[in-house]
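**Q** Below are the chains, spelled out letter by letter.
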Amino acid sequence: MMSWRKYTIKFALTFCVLGGLFACSSNDSEILEPEEVYTPTPKPLDVPPILERLLPPPSVPVDNPQTVEGIALGKKLFFDPILSGDGTQSCASCHKPDNGFTDNNRFSTGIDGIEGTRNSMPIFNLAWNRDNKFFWDGRATSLEIQALEPVTNPVEMHNSWENAISSLQNHPQYPTLYQEAFGTKTITKELTAKAIAQFERTLISANSPFDKYLLGEGTLTEQELRGFQIFMDESRGDCFHCHGNDNSPLWTDNKFHNNGLDAIITDKGLGNVTGDPNHDGLFKSPSLRNLAYTAPYMHDGRFETLDEVINHYSEGLVYSRTIDPLMKAVSRGGVQLSPSEKADLKAFLLSLSDPSFIANPDFQNIN
Amino acid sequence: MKQITILFIFILTIVGCSNNDEPETEIVGCTDPTALNYNPAANTDDGSCTYEKNITISFTQNWDGNEISAADLNTTEFVNEAGNLLTIARLRYLISRIALKKDDGSTINFEEYNLVDLSNNDSRTLTLSTPVTTGEYTGISFIYGFSEEDNISGEYRDLNDADWNWPTMLGGGYHFLQLDGTFNDSNGNIQPYNFHNGTARVSDGIFEQNFIAFDFDVDFTISDNATIEINMNISEWFKNPLTWDLNDRSTDLMMNYDAQKDMQRNGKSVFSVGEILQ
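Listed in order, the protein sequences are those of chains A and B.
Per the working numbering, the very first residue in the first sequence carries number 1; after that it's consecutive.
Per the working numbering, the very first residue in the second sequence carries number 1001; after that it's consecutive.
Pairs of lysine to aspartate or glutamate residues, derived as EDC-like cross-links and limited to a Cα-Cα distance of at most 16 Å, are as follows:
| no. | chain 1 | residue 1 | chain 2 | residue 2 |
| --- | --- | --- | --- | --- |
| 1 | A | Lys342 | A | Glu222 |
| 2 | B | Lys1102 | B | Glu1136 |
| 3 | A | Lys255 | A | Asp131 |
| 4 | A | Lys255 | B | Asp1158 |
| 5 | B | Lys1239 | B | Asp1262 |
| 6 | A | Lys255 | B | Asp1161 |
| 7 | A | Lys346 | A | Glu304 |
| 8 | A | Lys189 | A | Asp63 |
| 9 | A | Lys346 | A | Asp233 |
| 10 | A | Lys133 | B | Asp1161 |
| 11 | B | Lys1102 | B | Asp1219 |
| 12 | A | Lys255 | B | Asp1117 |
Listing some non-contacts, in silico: residues in chain A with all C-beta distances to chain B over 10 Å:
| no. | residue |
| --- | --- |
| 13 | Thr141 |
| 14 | Glu222 |
| 15 | Asp262 |
| 16 | Ala295 |
| 17 | Asn365 |
Just so you know, the hints here were simulated from the structure itself, not pulled from any lab data.
Note that this is a predicted model, so its numbers are computed, not measured.
The beta-carbon is built from N, C-alpha and C at its ideal position, and this holds for glycine as well.
Construct the entire structure; sequences and hints are all you get.
**A** Below you can see the structure in the form of structure tokens.
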């Protein structure tokens, strides 16, 4: 029984291969080149110990498993200006490794010299995003969908996918790389986004001084520890309701909040996406990891320094109808931290930055 | 082959017997082969068959009987016992250690805990992984929050991921409740409230558990897959026995021992068992 089945499979395979050969040989314009069956090598995400210990496993879509070849292709695409309309900008132009995969501009400038209206988001730990809502306003419902947008956005890479695919298809290397990653030389925007998403999911950061402290592998200064107490104190910093804690090491809740920036909402944020006026002015909480590299801050990059950010929550809160009730001290402008508390809090926040992340050779441009 | 012959002979024998006029010995029991307690020897069904069925818990919320859904968030105004006009922006709470009591005195304990988030419909139903047997039941119990032994800091990855932790300086573990919103204060100004509940901090390093164990006597029959409703009457948090005026206590309540214990007192009338549908 078993051998008969095996025989059937072998026969079917032979038939397919022969069929393929015949199909190819009937085409005069192409060199006879049977499509090699290429199985990409699985490469599950390497989960750092602190995330392994405290969080559910990373979420990777079943139709886009991590592979060595997919990640390598995604990395090449990420750093390659070929995706932009005039071949001058890559994803990495606004998402630089040195800046925690954001840039240091308030707004990034696209290929036509036009500025966007929101601050480029840092990229790390994106496989731990249980709600799968990407961008400041959550409008992309998967990382694969997110990766499609900047290519065609007129104030970003301002290309058409048709044109981008044509450039990739005519490139000396890409068709082979797609075949190795996805088993086909026929390039599509979906496969391109899948490869980029695979690379982005490898951008994992969990090796900050605070992580080492939690793992018992390092110590913090007295000031950093005092800052952490302020962060966790509901009557002082009260940062933890939106920005994680020592047992929730993403340092974001990945939810959307109005954090009291403006009395009059000009950018509706989540409200533009859901159409619910109660969501006007809500933006995704960014992670507090890697703040040392990701200035300026907020969805519109309005704060150049961490001091400005802390001052905002301390005495700069402004009421608007959709302000989150967690901004409870808005009637007195904020939680009113003393100068020394602010310094302590800042020291703690900086202990969440991970130098090994921005220096990781796997994440650098090798094109 | 031998077995088939034997079976054949056996069948012949049975057929032979049924042709026999002698009265058959009545053996009572469960005659349904799909039942848990099928008795192959029984020839008269006595209604004792039991089956495995699945239980789903439906978590519902109301304000003194008016059902509350995600659509009420930020929009619907409520008046609490103290007369505070309020809205709800966020409601999340934790339920654990659900158990059903059978009429034979046994208890079925379920391992699941559930973080209910009013804004997330999926979180409002919980299908329990352990099936139960059909029959008569006499009670439902569950814990609001986590018991002291379950309330371990960092232990539950999904709750960590939901940023549901309770600060270590306040005893650690997890939040039991987050009820946030706004109210009109005595001067008519809109003010936020953060009605958060968890372990109570007595003093530095001294903490007091703050969960509530509910144990309801309810007689019901499980005959099919069933949905059991656990209901939260939100107004009870502000009403019974203590009238809670948000003008007095609205924010910074987590480290306030009295506020935490008063929440626990008022919480005892918050939950009830609602409909059991099957």
